[in-house]
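Spelled out from the first residue to the last, the chains are:
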Amino acid sequence: DAKTTQPPSMDCAEGRAANLPCNHSTISGNEYVYWYRQIHSQGPQYIIHGLKNNETNEMASLIITEDRKSSTLILPHATLRDTAVYYCIVRVERRSKSTFGDGTTLTVKP
Amino acid sequence: EPEVTQTPSHQVTQMGQEVILRCVPISNHLYFYWYRQILGQKVEFLVSFYNNEISEKSEIFDDQFSVERPDGSNFTLKIRSTKLEDSAMYFCASSESSKQYFGPGTRLTVT
Numbered sequence: 001d002a003k004t005t006q007p008p009s010m011d012c013a014e015g016r017a018a019n020l021p022c023n024h025s026t027i028s029g030n031e032y033v034y035w036y037r038q039i040h041s042q043g044p045q046y047i048i049h050g051l052k053n054n055e056t057n058e059m060a061s062l063i064i065t066e067d068r069k070s071s072t073l074i075l076p077h078a079t080l081r082d083t084a085v086y087y088c089i090v091r092v093e094r095r096s097k098s099t100f101g102d103g104t105t106l107t108v109k110p
Numbered sequence: 001e002p003e004v005t006q007t008p009s010h011q012v013t014q015m016g017q018e019v020i021l022r023c024v025p026i027s028n029h030l031y032f033y034w035y036r037q038i039l040g041q042k043v044e045f046l047v048s049f050y051n052n053e054i055s056e057k058s059e060i061f062d063d064q065f066s067v068e069r070p071d072g073s074n075f076t077l078k079i080r081s082t083k084l085e086d087s088a089m090y091f092c093a094s095s096e097s098s099k100q101y102f103g104p105g106t107r108l109t110v111t
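Chains as they are written, first to last, in my numbering: chain A, 1 to 110; chain B, 1 to 111.
Okay, chain B solo, but in the shape it has when bound (with noise of 0.2 Å):
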């Protein structure tokens, strides 16, 4: 079956340093979206993409955060300046109508 990919599996970053997580979504998928989870809590929406545009976003989802499909085949999260609470799992997922697929998470550890 096909899997939603993302990397890295493991991001270790300093507070105010940028960082870029990947997710390679299913092929002939048209809803991208991500998602996170802090160790021990609910997974929290951020951000869905559809159509090379942002459909929705949550309170989370600020100006520090923005995405993007550089090309036919990545969907990249960016987090401008991290802070120590943006540690967290982050898992993107893609949907080509009902079911929505997740990646395994990259795990962002913020020092």
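Bound-form chain A, shown alone (with noise of 0.2 Å):
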């Protein structure tokens, strides 16, 4: 599986946009972008994924880059309770496995 990078912590006011970035640079053509995150010590959560397209739906929108190295997760109104740490997951569908890296700790503030 592709290796991920992420910053280690984000800030975000209340009410403002959250954009999380993740650079995955030797992602392969057959592999998916995912975004999960995990509140304190809950399992993950499923938010979102795409392949090369934006995606949107009711939690967050994902942008990827047109050469697919990055993307980029927005939550579009940040909440208290969207603090958790956000995963960027790099895999290919169906059965393969998940490998989380350390994420990036996104904290809002009110």
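Some hints here could point you the wrong way.
Estimated spans, in silico, between C-beta atoms of each pair [to be verified]:
| id | chain 1 | residue 1 | chain 2 | residue 2 | range |
| --- | --- | --- | --- | --- | --- |
| 1 | B | I38 | A | K69 | 27 to 35 Å |
| 2 | A | D102 | B | Y50 | 26 to 34 Å |
| 3 | A | S41 | B | Q17 | 22 to 30 Å |
| 4 | B | D62 | A | N30 | 40 to 48 Å |
| 5 | A | S9 | B | S9 | 27 to 35 Å |
| 6 | A | A13 | B | Y50 | 41 to 49 Å |
| 7 | B | E85 | A | D102 | 15 to 23 Å |
| 8 | B | E68 | A | S41 | 19 to 27 Å |
| 9 | B | Q17 | A | K69 | 46 to 54 Å |
| 10 | A | K52 | B | N28 | 23 to 31 Å |
| 11 | B | Q64 | A | E66 | 44 to 52 Å |
| 12 | A | Q45 | B | I38 | 17 to 25 Å |
| 13 | A | S41 | B | K78 | 20 to 28 Å |
By construction, these hints were calculated from the structure, which means they are not laboratory data.
Predicted, not measured: the structure shown is a model, and the values here were computed from it.
All C-beta atoms in this analysis are idealised placements derived from N, C-alpha and C, irrespective of residue type, glycine included.
Using the hints, put the two standalone chains together into the complex.
Quick look at the structure:
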């Protein structure tokens, strides 16, 4: 699986957009970009994934650069409950495992 | 939304004892996984299971570990002889195709 690089921590003001970057310069053509988050010691929670097109769902938007070497997760209106560790993971679909790095600790402040 | 469930939420055991951690994956899912997270460390992959057999395992998943899907609903992780270093959160996950859904975890404490 391709390796990902994320900043260790970020702060965001409540109500503002949180933009979390991820570098995955060794991504292969059949690998997807997934984002998960983990609040305290709870199980990781799926947020969004994409291959090459930008994606949006009720939780977030995912912007993938044209060369697919990096991506940005956007939480459009961050709330205090969005404080969590966010993981960017690159994997092939279906049965392949998720390889977690250290992620980005996002702190949303009032 | 359907959820992955895990029991127990917390298990305390003595070193050398056998433990079985239980998971009920989402009903129509075909792929099953176990991960663990030692306190303060990364989430680590242990094993994946598909079509009633192990499809991939990590170096952590040695002979002390085994997995089983004893019936149509449960997915279990057995640790035969627990060590102190097995203390961790253990997460079960399942997927149908792309998204992996994780359970809330079992906190295993080995004393």
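Going down the list of hints, with the structure as the test:
{"no.": "1", "hint": "I38(B) x K69(A): 27 to 35 Å", "in the structure": "31 Å, holds"}
{"no.": "2", "hint": "D102(A) x Y50(B): 26 to 34 Å", "in the structure": "28 Å, holds"}
{"no.": "3", "hint": "S41(A) x Q17(B): 22 to 30 Å", "in the structure": "23 Å, holds"}
{"no.": "4", "hint": "D62(B) x N30(A): 40 to 48 Å", "in the structure": "30 Å, violated"}
{"no.": "5", "hint": "S9(A) x S9(B): 27 to 35 Å", "in the structure": "29 Å, holds"}
{"no.": "6", "hint": "A13(A) x Y50(B): 41 to 49 Å", "in the structure": "44 Å, holds"}
{"no.": "7", "hint": "E85(B) x D102(A): 15 to 23 Å", "in the structure": "20 Å, holds"}
{"no.": "8", "hint": "E68(B) x S41(A): 19 to 27 Å", "in the structure": "26 Å, holds"}
{"no.": "9", "hint": "Q17(B) x K69(A): 46 to 54 Å", "in the structure": "48 Å, holds"}
{"no.": "10", "hint": "K52(A) x N28(B): 23 to 31 Å", "in the structure": "28 Å, holds"}
{"no.": "11", "hint": "Q64(B) x E66(A): 44 to 52 Å", "in the structure": "47 Å, holds"}
{"no.": "12", "hint": "Q45(A) x I38(B): 17 to 25 Å", "in the structure": "20 Å, holds"}
{"no.": "13", "hint": "S41(A) x K78(B): 20 to 28 Å", "in the structure": "23 Å, holds"}
The structure fails to meet hint 4 from the earlier list, while all remaining hints are met.
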